[in-house]
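Chemist: Chain by chain, the residues:
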Amino acid sequence: MIEVQGLRKQYGDFVAVDGVSFSAQPGQIFGLLGPNGAGKSTVIGCISGLLSPTAGNVRLVGRDLTTDGPEAKRHLGIVPQDLAIYEELSATENLTYWGGAYGMRGSELSDRVAEVLAYIGLLDRAKEPTKRYSGGMKRRLNFGCGIVHRPKVLLLDEPTVAIDPQSRGRLLDMVQEQADGGAAVLYTSHYMEEAERLCNQLVIMDHGIVIAEGTVDELRATLGERDILQFSGTFAPERVRQIFGERLTGTEILTLEEDILQVAMEGASHKLPDVFHVLNEIDADVSETVLRRPNLESLFIKLTGKDLRK
Amino acid sequence: MHTLWNEVEKEIRRRLGDRWVFLYWVGIPLVIGTIVTVGTGGSAGPKPVVELVVVDRDESFVSSMLLSSFEQGELKERIRVDSVSADVGEELISRGEVSALLIIPSGFGDAVLRDQPTSLTLKTNPAQAILPRIVEEVLNVEVDAVFYAHRIFGEEVRGVVDLIDAFENDGARPDEEAIAAISVQISRVVEQVVPFLLPPAIEVEMIEDPSQSEQHASFAFLFFPGVLMMSTLLIAQGLSGDVWNERESGTLSRMVSMPQGLTCFLTGKLIVAALIFLVISSLLLPAGFYYHAVSFTKLPLASFWLTLAGCSLYLLMLAIQLSCPTRKSAGLFTTLVLFPLMMIGGSFFPFETMPDWMAAIGKWSPNGVMLEHLKRYLLDQHSLIEMLGVAVAVVTGSCVLLVVATAVIRHSFAKG
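As they're listed, the protein sequences go chains W and P. In this text, residue positions in the first sequence follow my numbering: the first is 1, and each later residue adds one. In this text, residue positions in the second sequence follow my numbering: the first is 311, and each later residue adds one.
Worth flagging that the hints you see were computed from the coordinates, not collected in a lab.
Cross-link-like lysine-lysine pairs, in silico, DSS-like; alpha carbons within 30 Å at most:
| no. | chain 1 | residue 1 | chain 2 | residue 2 |
| --- | --- | --- | --- | --- |
| 1 | P | 638 | P | 725 |
| 2 | W | 131 | P | 725 |
| 3 | W | 131 | P | 638 |
| 4 | P | 433 | P | 386 |
| 5 | P | 673 | P | 608 |
| 6 | W | 152 | P | 725 |
| 7 | W | 152 | W | 127 |
Since this is a predicted model, take the numbers as computed values, not measurements.
Sequences and hints are given; from them, build the entire structure.
Modeler: Here you go:
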């Protein structure tokens, strides 16, 4: 399992992550979500041993990463966002190397390499240098390298970025299978539908801190039944705030800048004419309108004020 | 041990996937070596000759004696003397077409005979380091000889000069009695001096000075170890840049999260680098040994020496790469270090052709130290004990560089 306790990472005066705590149990897929710059990669870096925390600690399978690093890392598998494979080597050679680096050898290693090759669907092109592979094939191999040593803890940092829909579906299935096999999986993604599909437990981060935590259902419940309305265009923030307060009671302004306005309200589709009327009164120039039904993505926007993919 | 072998195996597979680089590493020194050999006439080519032009304004018996001294014994093979006019001599030396210009002033012979002050003017070609020095040495020896001749036969010489003056001024022919007296006097002096000279009071045993005997090697041979070291430096730079490939491909970050640690990772790379240096030197050395008639019994130690040099230079280049913020700046900076090292370290020009101060600095450069000991070993001028001392120092320095490189990768480089 993964236990993160009071994690803090500071660069000079800048605090990248502050007091982050969570734990992921075996068989659980734990989602770590947040907009760019929220601190997700810093958390992943601290758990993988790439970064040293300023304070707090990380325990993997009951072993402290700082004091018992090599033993803790022995159970850790990583699938980084950027590919981490040797493109001049074949898939077999890559898997053999990464498995060997975790101490596997002999028939145990060769059997496992063959098993993983079949699992990630690269058996028929196993001997080719990977530089000839498509993006999706490289992603699958990247995943294979992370699981070849049967890790008990698996970190996946946006593993489906720049991947075709078919490969993405297969990859998500494989992630689920790893959890079903008993691994504790920490998953970060920009795709909220992936998180909704896979994760048992979610943490949403922004500005280096945890702003929401719970199961998908628990988080959805905090949003209520309100829709999210997003307008792009040109707005005078002070006038918008004033007139919305006076004329559209029960509407919560989530984001208000000169070029974007996000509000949460019940029955937004019925109230759209009123909203446009009000905006027209204050000479707002609306160029785009988006209405979102309550889902994890609208919750994310409500919490962070940002679209996950921006 | 198993993880180290795993690392070595992976690196070997990666290197074998890039065979063209091997051809480049072997080809560069072969091409340069061939050009140098052809350009310098090879090991059997002509020895360099001093081109000395002389402006003789005195044209006396003494100046003729001086010039004929350059045509005695071995000097005749090394120095070619041409008498020219002053204008032609100045033009030749200013164009750098000759090694030296010697100007003998009018009245030189008379001054020498009368033991009066006089001076010779020697203008040397600054583009040549060794050849003009031969002329300087010969002239120094002759000045000393004239000094001692005056101390021993000064009175007799003056007697002869007086007779000549009398003949030239008054037309008085020297009488036989005076000539006989001078002859007898010279004979007596010789009789007095001979017991001091023969047999020699000091037996001189000629022991070859290693620094001077380099001239026995052909010009092409002087380039041979330098070209090998140039190849070693180029390979070291090429291999050290691989750490950027590891970082950019994400494999270095994955490596940091692994239990085996970075020391194993870097040691594996170093072992494969050593294998590459060993293979390349084992291919290049026999060709040079065969051509320059060096004993093949020296091959194992010479290969080992080049491998050791290669590993230490690889770690040096790696340390430089790791200290740079970007791949581009690392490439630029290592090149900025590489070329001066090759130039001053004896790879472009042998130390023998450099000014003394530059050669002294170059022999202390990282590649220069290894090159100098390799060359001396090939010329039979070095003891194994001395080489062992240098090897221990190099291994110690390399270990320090390895520890530093590991720490830098772990604490900053791998994090990007």
